[in-house]
Amino acid sequence: MIEVIYMEDGIRDHPRSQQILARFPRATVLPCKHYKEVFNPAGQSFRLQKKKPALILAQQTGKLIHPIPPSYGVGGTRNFYFSHLLNCLYDCRYCFLQGMYPSAHYLMFVNFEDFEEEILRATKTPEEPSWFFSGYDCDSLALESVTGFADHFLPFFKKLDNAWIELRTKSVATRVLRDTEPLDRAVVAFSFTPQEISTQLEHGVPSVDARIRAMLQLAEQGWKIGLRIDPLIDCTGFKDRYAKLFENIFTTLSEHTIHSVSLGAFRMPHGFFKKMEKHYPEEPLFASDLESKGGIIAYRENTEKRLKHTCFELLEKWVSPDKIFTCEA
Amino acid sequence: MNFVIAFPGEAQPIIEFYELQKVSSQPFAYYQKDNHKLVISAMGREQTSQAVNFLKTKNVSPNQAWMNLGIAGHGSLETGQTFLAGKIEDDLSENCFYPPQIYDHDFPVTCLKTCSQPSSSYEPALGYDMEAHAFYAAVVGASTRELTQVIKVVSDNPSSPLSQFSPKDVPGLIEPNLKGIALFVEQMEKISLEMQQEPEVSNTYEKVLGMHHFSSTRSHQLHDLVRQANALELSLGEIESIAQSAKDGAQVISDIKHWMEPNRQLR
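Respectively, the protein sequence lines represent chains A and B. Whatever position you read off the first sequence (first residue = 1), add 60 for the numbering used here. Whatever position you read off the second sequence (first residue = 1), add 333 for the numbering used here.
Bear in mind the hints are in silico, worked out from the structure with no lab data behind them. The model shown is predicted, which means the values in this text are computed figures rather than measured ones. Glycine included, each C-beta is placed from N, C-alpha and C at the ideal position. One or more of the hints may lead you astray.
Said to hold, decoys possible - Partial selection, computed: residues in chain B whose CB lies under 10 Å from chain A:
{"#": "1", "residue": "Q365"}
{"#": "2", "residue": "H369"}
{"#": "3", "residue": "L425"}
{"#": "4", "residue": "E427"}
{"#": "5", "residue": "N428"}
{"#": "6", "residue": "F430"}
{"#": "7", "residue": "D437"}
{"#": "8", "residue": "E479"}
{"#": "9", "residue": "I524"}
{"#": "10", "residue": "P532"}
{"#": "11", "residue": "D557"}
{"#": "12", "residue": "Q561"}
{"#": "13", "residue": "E594"}
{"#": "14", "residue": "N596"}
{"#": "15", "residue": "L599"}
Said to hold, decoys possible - Here are some chain A residues the structure puts well away from chain B; computed CB gaps all over 10 Å:
{"#": "16", "residue": "G103"}
{"#": "17", "residue": "Q119"}
{"#": "18", "residue": "S131"}
{"#": "19", "residue": "Y161"}
{"#": "20", "residue": "E173"}
The shape of chain A in the complex, shown without the other chains (with noise of 0.2 Å):
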């Protein structure tokens, strides 16, 4: 799976750095003393890199939490991400991945313990619980076997009483937390578009059934399990497979086992579209109806109205509202 494995050289001998390694014993490790000097240079291209990523071993430093803005939140108002890894293993197209970074080399930070570190200084502030986001900048759990993500910061999250935890996924790699008794601050979130979509944009992403299973199997745990229809993709028959989604998902499912669902049509920063674009001139999504408002490409204000308020009306009738939130941009 990971051919080659760049190293920077201050964390050759992290126990961490080591344990993967072994895991790769085939792999070919080449030294770098900067992650900067491999995943940064202009002139990579994101799209051939995605047939075959590399992995990248590296030490974050600097600010290791960020604030995310209250409208992308699901209740809390202390709301952070944080990122042990860059990239993903899946290849959708309408991830904004694929314009931020000009790799798409795995980049994994190893120092653990500093996201923690900092982590603990942010939820000193005792009268508000915080929120962090671990899947921003990649999926929370698709890439558990090497990472070893969530088998760390579990145990660290269990121990603190006013800090949630998201985990946000489109894997059913979710043995981690099936050997892990259910977290009360944690919320597993899975993210959907309907099938056909999902086939058309979700490369090497599981069936939605296969997610559905996976999600049934955490929540009859115990796990809280929240949904991020996110994007919203307009689409031919948008209402009808939207809805088939949603019946799919929530009979399956019982709604007291969903912490929140979040919606939030397709957009993107300008720039980032444009490298998007530039990727995959061939890509019928980037032809779609969108308009660049304010630095950002979305759908036609009409259109996205019409995507959140069609999923709102068919989402009520299986989830109460106030387990609802859109995200703008």
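Following the hints, complete the assembly by docking chain B onto the known chain A.
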């Protein structure tokens, strides 16, 4: 494929394999057949940079495949072993290159150091040459890094040092590796084709561009619209018909937009 090779002895097996014809001798020996081009640079950084720049002038469109091929010393690989450079260092520069490894092959991938002088000392897992770093630096910008690769065949190592090596042996080192090298070249060329614009898009764009006057902005808009219509699997012939009926460039843009509007939805 654009081959940049230092010595005639290294180039000869490639010239024969791809049946390349000599096109010119000055300023560099230059060979070509179909989409294969080869330039013989001579030894060293400066000559290599100039040879790359020379080859860039030979109508090379963006995102072509580029390869620096030749012999190299190595601290741990056997002589005659082909290897791929995964990291290219330079004894005069802190700057390193990391050619992305996206191809299927059986070659070992190792670090390679470009040296100012022939090197007779060897570190384990490190190759030594005199061109690769300059080659990579010169190609960057003309193609993506994935399409810029360095392949070397080991000519000398600690048990068979440079002092015992004869330039006459060079073709004999390269020839047995040609099959593997050719498979690698084939993959790079396939990927390069994937990166080229679809010819239907450029053909339609050029045709419509010839029908009316388009300002710079409108010609960009036209190109985007043709590309989008192609992505949406709409008939590009219809675009030509629309353009023929329009009175000027502005109307072409407006009519194509109007025609595409109902179809801008994912299926």
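Hint by hint, here is what the structure shows:
Restraint check, Q365 (chain B) versus chain A: the minimum CB separation of about 25 Å is more than 10 Å; hint violated. Interface restraint check for H369 (chain B): the shortest CB-CB distance to chain A comes to about 21 Å, outside 10 Å, so the restraint is violated. The interface hint given for L425 (chain B) is broken, as the beta carbon of that residue sits about 17 Å from the closest beta carbon of chain A, more than 10 Å. Given the 10 Å rule on beta carbons, the hint for E427 (chain B) holds: about 8 Å separates it from the nearest Cβ of chain A.
Given hint, N428 (chain B) at the interface with chain A, holds; its Cβ is 8 Å from that chain's nearest Cβ, closer than 10 Å. Interface restraint check for F430 (chain B): the shortest CB-CB distance to chain A comes to about 8 Å, inside 10 Å, so the restraint holds. The closest approach between the C-beta of D437 (chain B) and any C-beta of chain A is roughly 8 Å, which is under the 10 Å cut-off, so the hint is satisfied. The restraint placing E479 (chain B) at the interface with chain A holds, with a minimum CB-CB distance near 4 Å, inside the 10 Å limit.
Taken as an interface hint, I524 (chain B) checks out: its beta carbon lies about 6 Å from the nearest beta carbon of chain A, inside 10 Å. Proximity of P532 (chain B) to chain A is violated relative to the hint, the smallest CB-CB distance being about 13 Å (cut-off 10 Å). The restraint placing D557 (chain B) at the interface with chain A holds, with a minimum CB-CB distance near 9 Å, inside the 10 Å limit. Against a cut-off of 10 Å between C-beta atoms, the interface hint on Q561 (chain B) holds, since the closest Cβ of chain A lies about 4 Å away.
For E594 (chain B), the interface hint holds, the least distance from its beta-carbon to any beta-carbon of chain A being 7 Å, beneath 10 Å. With a cut of 10 Å, the hint placing N596 (chain B) at the interface with chain A holds, because the nearest CB-to-CB distance is about 9 Å. Residue-level restraint check for L599 (chain B) holds (minimum Cβ-Cβ distance to chain A is 4 Å; threshold 10 Å). Listed as a non-interface residue, G103 (chain A) fails to keep its Cβ farther than 10 Å from every Cβ of chain B; the least gap is roughly 5 Å.
For Q119 (chain A), the requirement that its beta carbon stay farther than 10 Å from each beta carbon of chain B is met, with the minimum near 18 Å. Every C-beta of chain B lies more than 10 Å from that of S131 (chain A), the closest at about 25 Å, which supports listing it as non-interface. Even its closest Cβ contact with chain B, about 13 Å, leaves Y161 (chain A) beyond 10 Å, as expected for a residue assigned away from the interface. In this structure E173 (chain A) is separated from chain B by more than 10 Å, as the shortest Cβ-Cβ distance comes to about 28 Å.
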